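Protein chains: 2
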Amino acid sequence: MTAIKGIAFDMYGTLYDVHSVAARCDGFFPGRGKDISALWRQKNLEYTWLRTLMEEYVPFEALTEDALVFACNALKLPLDDDTRAQLCDAYLKLEPHPEVPAALAELQSMGLPLAILSNGSVQSIRSVVSHSGLEKRFTHLLSADSVKVYKPHRKVYELGENELGFDRSEILFVSSNSWDASGAHQFGYRVCWVNRSGNVFEELGQVPDQVVASIDALPGYIKAHNAG
Amino acid sequence: MTAIKGIAFDMYGTLYDVHSVAARCDGFFPGRGKDISALWRQKNLEYTWLRTLMEEYVPFEALTEDALVFACNALKLPLDDDTRAQLCDAYLKLEPHPEVPAALAELQSMGLPLAILSNGSVQSIRSVVSHSGLEKRFTHLLSADSVKVYKPHRKVYELGENELGFDRSEILFVSSNSWDASGAHQFGYRVCWVNRSGNVFEELGQVPDQVVASIDALPGYIKAHNAG
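Note that the protein sequences, when read in sequence, are chains A and B. Under the UniProt record's numbering, think of the first position of the first sequence as 1, with each following residue one higher. Under the UniProt record's numbering, think of the first position of the second sequence as 1, with each following residue one higher.
FYI, nobody ran anything at the bench for these hints, they're computed from the structure. Possibly wrong hints are sitting among the right ones.
[What the hints assert, rightly or not] Once the Cα atoms are required to be at most 30 angstroms apart in a straight line, the calculated DSSO-like pairs of lysine-lysine come out as:
#1 A/K155 <-> B/K155
#2 B/K76 <-> B/K34
#3 B/K34 <-> A/K76
#4 A/K76 <-> A/K93
#5 B/K148 <-> A/K155
#6 A/K5 <-> A/K148
#7 B/K93 <-> B/K148
#8 A/K34 <-> B/K76
#9 A/K136 <-> A/K5
#10 A/K148 <-> B/K148
[Said to hold, decoys possible] Counterexamples of contact, computed for chain A against chain B with all Cβ distances above 12 angstroms:
#11 P98
#12 E99
#13 G111
#14 S214
Computed from a predicted structure; not experimentally measured. Using N, Cα and C, we set each Cβ at its ideal position, and we do this for glycine too.
With these hints in hand, go ahead and build the complete structure from the sequences.
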């Protein structure tokens, strides 16, 4: 059995809670924070897929802003420039899921190189990671921006293999987004799906190699796998 | 001003009501028809985008079935093989929106070639069109299946230009799906967005040339445009 030699993490939703912006939304639009946050995230994903299909790359931060504008228009909520800027800024200061800091420290102590492989720009990834004080945990911060397409395009997944320097089968790709886990698995990574909320895996012809309820299950999984 | 010489219609949602399957769903799952129908349609779209990005073409009918399986799993509704087959069959017998038959007859009487340009397979398009008795209205039934990618990939839009034989700027592309209208407009078609429900247009960097509330507004729009 191939040993796991490194880990590539999705960032948004997997290590960091995208719905941590809901409270911020709720401050501007009382009672509507969850609705805005959910539609904003859904449209942000759709716009990454659609812009890639349209072969018209737009930086992730601009798509995030476009998605917020759509969400507020669709929900008939007035969005002024200052509110828009403050809410987009919240995406640069996402909170990590509670178990993440300790779990990353343990994984690092096992000698595994840890990468982030994200749709976000390098600037966004750096901002999120440093805001949470976790910059020393990661050996690589890899952005789709360097290939100008978004996941699940294979060019994004190739970044992890190329930069970590292991064969894709030796890299554990970790994502809470099951469409992303599907794309990574099709590409050839070993894949762990983080299913925090009892969600259903997407029907995209792929199944993850492992499912965990949170990141703190990873050290034990990897030790057992590599010992097997 | 360039005259409109032909029309390419999106099929699902534009000419035919995809939520006409909701009643059928409700028959099997009382009280849940709308929920199933909405999530089914959303996932069906997502799977066309994601499979295209994954460069793994799967026929539309199979994606429709995958999306139904996901929707029922996510809603915790048991889906047996017979129910699945009957619900997927409903997608072959969609009802046209009420104004469509008369509007198509009028457009045809104006001498305009009318095409369907759809993600559905040729077999699905034929089934839907003939079930509604509208097969004599169309000069072309064009399917994404012939290029093995889905909208908004430009290869699908190219089919309309190639088969109708006019320049893209002389073809009116009509869709109720604003992401599709955006892709077609970026490609270079003249685009009419059919906005039946007061929806908000997607923020994909495009704006439609015309917006109508239903298909019966098209003959008047084209006459005025071509006279201008």
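Worksheet item: Is it true that the CA of B/K34 sits at most 30 angstroms from the CA of A/K76?
Response: Given pair B/K34, A/K76 holds - Cα atoms ~23 angstroms apart, limit 30 angstroms.
Practice prompt. Please settle this one: A/P98 was flagged as non-interface, so is its CB more than 12 angstroms from every CB on chain B?
Written response: holds, 25 angstroms
Worksheet item: Taking 30 angstroms as the top limit, are the C-alpha atoms of A/K34 and B/K76 close enough?
Response: Roughly 23 angstroms separates the two Cα atoms, so the pair holds.
Worksheet item: Do the alpha carbons of B/K148 and A/K155 lie within 30 angstroms of each other, as the hint requires?
Response: OK: B/K148 and A/K155 at ~20 angstroms, within 30 angstroms.
Worksheet entry | Straight-line alpha-carbon gap A/K136 to A/K5, limit 30 angstroms | holds, 19 angstroms
Fill in: Beyond 12 angstroms from each Cβ of chain B, as asserted for A/G111
The claim stands: A/G111 keeps its Cβ more than 12 angstroms from every Cβ of chain B (closest is about 33 angstroms).
Worksheet item: Has the given pair, A/K76 with A/K93, been kept, meaning a C-alpha gap of at most 30 angstroms?
Response: holds, 26 angstroms
Worksheet item: Does B/K155 lie within 30 angstroms of A/K155 when you go C-alpha to C-alpha?
Response: holds, 20 angstroms
Item to complete: Compare the distance between the alpha carbons of A/K5 and A/K148 with 30 angstroms, and conclude whether the hinted pair is satisfied.
Response: Holds, at about 27 angstroms.
Worksheet item: Is A/S214 truly not at the interface, in the sense that its beta carbon sits beyond 12 angstroms from all beta carbons of chain B?
Response: Non-interface label on A/S214 holds, nearest chain B Cβ at 21 angstroms vs cutoff 12 angstroms.
Worksheet item: Does the claim that A/E99 lies off the interface hold, with its Cβ farther than 12 angstroms from every Cβ of chain B?
Response: A/E99 clear of chain B: closest Cβ-Cβ about 25 angstroms, beyond 12 angstroms.
Worksheet item: For the pair supplied as a hint, B/K76 and B/K34, is the alpha-carbon distance within the 30 angstroms limit?
Response: Holds. B/K76 to B/K34 sits at ~15 angstroms (cutoff 30 angstroms).
Against the hints set out earlier in the document, no violation occurs for any number.
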